[in-house]
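J.: Residue numbers (numbering that gives the first Met the number 0), protein chains in the order written: chain F, 0 to 190; chain W, 0 to 361.
One should not assume that every hint holds.
With the Cβ distance kept under 7 Å, some of the chain W side facing chain F (calculated, not the full set) [what the hints assert, rightly or not]:
#, residue
1, D14
2, D20
3, G21
4, A25
5, L36
6, T40
7, R41
8, V44
9, R48
10, W53
11, E55
12, R58
13, L59
14, L62
15, W77
Calculated directly from the structure, the hints in this document are not laboratory data.
All C-beta atoms, glycine included, are put in the ideal place defined by N, C-alpha and C.
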Amino acid sequence: MPTALDRWFIDAILVHEEALLRYLQRNWPHRDELHDLRQEVYARVYQAAGKGLPQQPKAFLFASARHLLADRARRARVVSIEPMGDFEPSHVLVDEVSPERWCGGRQALKRLAEALDRLPDRCREVVWLRRVDELSQKDVALRLGISEKTVEKHIAKGMHLLAASLFSGDLPSRDGAPAIPEHDDERRRAD
Amino acid sequence: MNGDARTDAERVAADWLARQDGGALAPADAAALEAWLGADTRHRVAFLRLLAAWDESRRLQALGAGWPHAGPPPRGHWATPAHGHGIASLGDDAPPLPAPPDLRELRLAPRTHTARRPAARAVAALCLAACGLLATWGWQSYHRVESALYGTALGGIETVSLSDGSQAILASDSLIEVQLSRRQRRIELARGEAIFDVAKDSRRPFVVDGGDREVVAIGTRFSVRRDARDLRVVVTEGTVRLQSPAGGKRGTRPTTLLPAGSMALVRADGVLVRSIPIADAERLLDWRNGLLVFRDATLADVAAEFNRYNARKLVVADADAGALRIGGSFRWDNAEGFARLLERGFPVRAAYAADSIVLASP
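From just these sequences and the hints, can you work out the full model?
T.: Following this line, the structure appears as structure tokens:
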């Protein structure tokens, strides 16, 4: 279903999420906005790439991030954010996760195992049954004695948490607001 | 432009994806999803990000392979040393080692080398060397014989210290039986390859029995490798003697002396000895450092070499691809990385499956 542009976005951009978040974190004083900034950077990159794929995706990603921060700073009249002026891609390279680390190989499996283990119990069980045992959502519901709707909600939550672990090394869940707080309550009740 | 809007986009995206995961969307819903995705790029990127994570999670199957129970293993299952080792030592997408070895299943391997060995069995024989020391004592013509069996699973390398001070490094999927008596040190290489670092002991020759031939050393370093068809001996230090076993059925063959820097290939029809620089000889043993080193080798040979170490096999689909010449050193535990490298620099297309990587001409 994903288009070529979608694929490019996943392969060339999302792999840099951890580095992007670090950059945003270093250069933006408001932790609670990181999540929002990340999303905005992605939207800008995706939009621009629709007109022509950048030759150097990573450099383009970080340039977009820098522009966005500059726009926001201007609007918020935040005067001093010096590190931004010093930004050079090479600074990012230092602690950047190499795409290969999660694109392939045993590191990816290790990371995935860790991501799975970070899920709450029920959610972990649902994701496993669905992904590894390949049960349908309906069969998962039967197996666990919960409603299909609840299974669906666990899956939605699992996607969120897996994405956070896999792409951002869990930075946003520590620093940002929980992604779907209102669902958490429902699930706790469901459990 | 507040944070809530964005959080909202992720929540809605997750809800759509979870619904889609439950079954195909009704046409009206599919249209609603399309409309939502088209309404704002932020919607689309949030959707793609979660979709990518969910797709990636399919690889959990690789972790689940070998877990015999329904439902997930306990938390931290893959972080424990035994299983962590599984992830660390197997190639990409290879199933992790399922459980610690059951020593009740320990048994002597058949001496004839069978060409195909199910990966499952190799895994079951996990770390025979690490934990499975089968020592028996007996009397044999007035001598006490100390005997032990060491083996490695596919993808494993083990260093074994023998009680005479010698050392053996076992390559992937290899098995040796060691018998040390007062008169002789005798090692049977049942399968695979091993590097021997022999402690000097002029009264007890160190004999490696490779089936058809014996390799005799006093104090030296060499490797012996046993394939279905041939035996390969590489000497990096000292001198070894290649000879027929005493009382061999097929009559005696000439004894060959192999100095350091020799490589001998023993086949049914004879022995081929090549003299190579010692550095090259050392390079042939680089697998002990995790590397496979090739110089102008055919892709077919390179693939076969990788396959000695990995459950996920490199399959060469056509003769053109198989004839490509490859040089360089590669980590043997990263067949996928090797395939990707090939795709970049050679006219080769790779198809990645869970248990194989098929290499074909485009």
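J.: If you check each hint against the structure, which ones fail?
T.: 4, 5
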